[in-house]
Amino acid sequence: MTVHETHSTRIDSDTGKLGMWIFLFTELFLFGGLFLVYAVFRAKYSEDFHTAALELNTFIGTLNTVFLLVSSMTVAMSITAVQKNQKKLAMFLLIVTLILAALFMINKYFEWSHKFEFQLFPGSEVLKNLPRGELLFFGLYYMMTGLHAVHVLIGMILLTINFFKIKSGYVNQDHYLHLENSGLYWHLVDLIWIFLFPLLYLIT
Amino acid sequence: MSNSETGTHVSYLDHQGKYKGLLSWLLTTDHKKIGLLYLYSITVFFFVAAILGVLMRIELIAPGQTIMDAQTYNGVFTIHGIIMIFVIVIPALPAIFGNFFLPILIGAKDVAFPKLNLFSFYLFFIGAIFGVLSQFIGGGAPDTGWTFYVPYSAESSTNVIYALVAAFILGFSSILTGLNFIVTIHRMRAPGMGWFRMPLFPWSLYATAWIQVLATPIVGITLLMVIAERVLKIGFFDPALGGDPVLFQHLFWIYSHPAVYIMILPGMGIVTEIFPTFSQKPVFGYTAILISSLAIAFVGYFVWGHHMFTAGISYGSRWFFSFLTFIVAVPSAIKVFNWVSTMYGGSIDLKPPLLYAISFIFLFMIGGFTGLTLGAVAANVQVHDTAFVVAHFHYIIFGGMGFAFFAGIHYWYPKMFGRMYSNRWANIAWAVVFFGFNLLYFPLFVIGIQGMPRRYFDYLPQFQTGHVLSTIGAFVLFTGLVMMVYNLVYHIKRGAIAPANPWKGVTLEWQIPSPPSHENFDEIPVITTDPYVFGKSTENKPS
Ligand code: HEM
Ligand SMILES: [Cu+2]
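First to last, the protein sequences are chains A and B. Residue numbers in the first sequence follow the working numbering, run continuously in steps of one, and reach 432 at the last position. Residue numbers in the second sequence follow the working numbering, run continuously in steps of one, and reach 525 at the last position.
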């Protein structure tokens, strides 16, 4: 058991990954609570959910889905690059990932501000006068995409840190747990979006 | 304090790390020191909350207003509840004894993620401070009760957001501790320690950790939704906006009922270590105890509905939850049977840890049986939200988890500090605590059945006898607690030097010096026997 010898310096990679997986489970359960609420209200107000979902811009949604899917791929590729000791390439791929993530956020920004123009934000008069189910739909929409966006931001911070860690050589061919775990986190962000997208945008 | 029996041995307390003085504590990644950080902060918060409890009891000594008005009373019971539940009973046993002893009991030098461990502590501390602050600043102490039931918690003008944020942060800390323990148990057991050679306290922590990791996020998101409800008027739980308040109760109790087992399982684990040692007999039914721990953790997820019998859930789900609630009692009963059987025919040494452990069984059984009363739909409708409930959960949580804690601290104190406390004072304090406890809470069963509602600062004259007895009990209990803590604190520096194994225990912690060294083991032990083999306790000797 070599774990013990290394405990105070570097965590061995299986241990680190196990920890990350469990953490990702808790994240899933966090969103799971919202999915549960979504399911309850969708069953109760299926008509209203239908109408409200029509308000969302499927095009922007699809575009964002593509951004995230591709970024998931580039992260995975950058891990491979580190494993193959291609430092420059790995850094480049991380930059691409970050750009895609930024595009996602910019899109989100326009999407939200567009709705704000129509007074479709929580607590607004317009929203209060809508049928109850539509109001709840928008509440869920903001809550779910908002929480997801926070996760995107955290993911971006993690990847940026990794960029510098590759640069300084701390993350390298023999030791890439940090990058791997951040990559896992990024896949989770992607995965959750893949659930959110159909639930909010597609099922109308 | 220096305690070098072996000459070269340096206690973890004297270990010279990277930092000196206070920083060596605040920046430590030693699981033992982190355990002590938790111990000290939790003790302080416990006394804050206990004083609030005594203040409530003073208010209730006579009908009408005595020392505080109704609104203050609401704030006091809310903060009392929040501190006791989220700051003390949920984290205490894993964070203090789990941190200190889990690595030692499985023969490891530390937890899997030492830095994360320190981070959890800071989250805990920040969360706790938030909770206490909410009492004093801004719009007034939150008055929703620790359960934050909507719609009131979405509307009350008090500092509810502080309290919600506090609970959220504390939950996050609890998740990270659980995660750390799961990975530690999976990856860092000493060579030879298969799963079924692991002592039972780590097993109980393992079951607990899974609940922490899987149930806490649900309450986390629920609390976030209430915050969103207050700030953004979203309306998930507000009937006026189409939402559903009972939905909140479901989400809340899906977490909070399993959380009850976060509170009690590690306590059961602790007494399971104590009974074999003080009977000098292997624990009776090792596998049964272990499986019942896992069963409790599992079934605990499916009984939350018993908190909602009167909240308008369907007839079918009521009897179903009632049934499941009865099922949950079975593994607990198995454990009680095993503990008693462990003592049977053993050479019993009635030292303070065992005294507390036996009182644990006694109080836990009273709490458990009254829990069944509450689990039965018909009886529940009678006593729902009465003093009976207050008595029940204090018996379970305080009588259970609290007494297990007292048992644990008396058991492991010599190992943690390398000193002995006074046995005589510990016994006297135990008697006072035990007597005060029963005097405080038993009358509440009686007046509860008679119809005394909970969370009321005023009551009808016919309940006064019960309340007076109960308030006297609160003073006796509080005095006992002060005596107990004084005995322990006083002897940290002045007690007699403790031997490595004062109670003739056989698990790994007793085979290293008291207090342990920074890395616990000079050389990782190789495990060759089951955990509770008495008579040949030297076999697992490290190096
Ligand atoms: C000195 C010890 C204690 C005293 C004197 C005390 C007293 C009280 C009193 C008078 C109430 C209010 C009951 C009501 O009006 O409904 C209460 C509520 C409560 N107590 Fe304690 N208690 C003590 C220790 C504890 C401990 C160790 C716990 C740990 C679990 C605890 C948890 C609670 C909770 C959760 C509530 C419910 C608050 C609410 O209704 O929102 N108490 N306690
Ligand atoms: Cu329950």
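Be a bit skeptical, because a hint or two may be false.
20 Å max Cα-Cα, derived EDC-like pairs, lysine to aspartate or glutamate [said to hold, decoys possible]:
(1) A/Lys356 to B/Asp220
(2) B/Lys215 to A/Glu345
(3) B/Lys97 to A/Glu408
(4) B/Lys215 to A/Asp276
(5) A/Lys356 to B/Asp226
(6) B/Lys215 to A/Asp240
(7) B/Lys97 to A/Asp240
(8) A/Lys272 to B/Glu137
(9) A/Lys356 to B/Glu137
(10) B/Lys263 to B/Asp331
(11) A/Lys272 to B/Asp(-4)
(12) B/Lys97 to A/Asp242
To be clear, the hints were calculated from the coordinates, so they are not data collected in a lab. Computed from a prediction, not measured in an experiment: that's the story for all the values here.
Each hint, compared with the structure:
1. A/Lys356 to B/Asp220: 12 Å, holds
2. B/Lys215 to A/Glu345: Roughly 19 Å separates the two Cα atoms, so the pair holds.
3. B/Lys97 to A/Glu408: With Cα atoms ~19 Å apart, B/Lys97 and A/Glu408 stay inside 20 Å; holds.
4. B/Lys215 to A/Asp276: Within the cut-off at roughly 19 Å; holds.
5. A/Lys356 to B/Asp226: Status holds; Cα separation ~16 Å.
6. B/Lys215 to A/Asp240: Violated. B/Lys215 to A/Asp240 sits at ~46 Å, over the 20 Å cutoff.
7. B/Lys97 to A/Asp240: 14 Å, holds
8. A/Lys272 to B/Glu137: 24 Å, violated
9. A/Lys356 to B/Glu137: With Cα atoms ~17 Å apart, A/Lys356 and B/Glu137 stay inside 20 Å; holds.
10. B/Lys263 to B/Asp331: 12 Å, holds
11. A/Lys272 to B/Asp(-4): 63 Å, violated
12. B/Lys97 to A/Asp242: 17 Å, holds
Violated hints, listed in ascending order, are 6, 8 and 11; each of the other numbered hints is respected by the structure.
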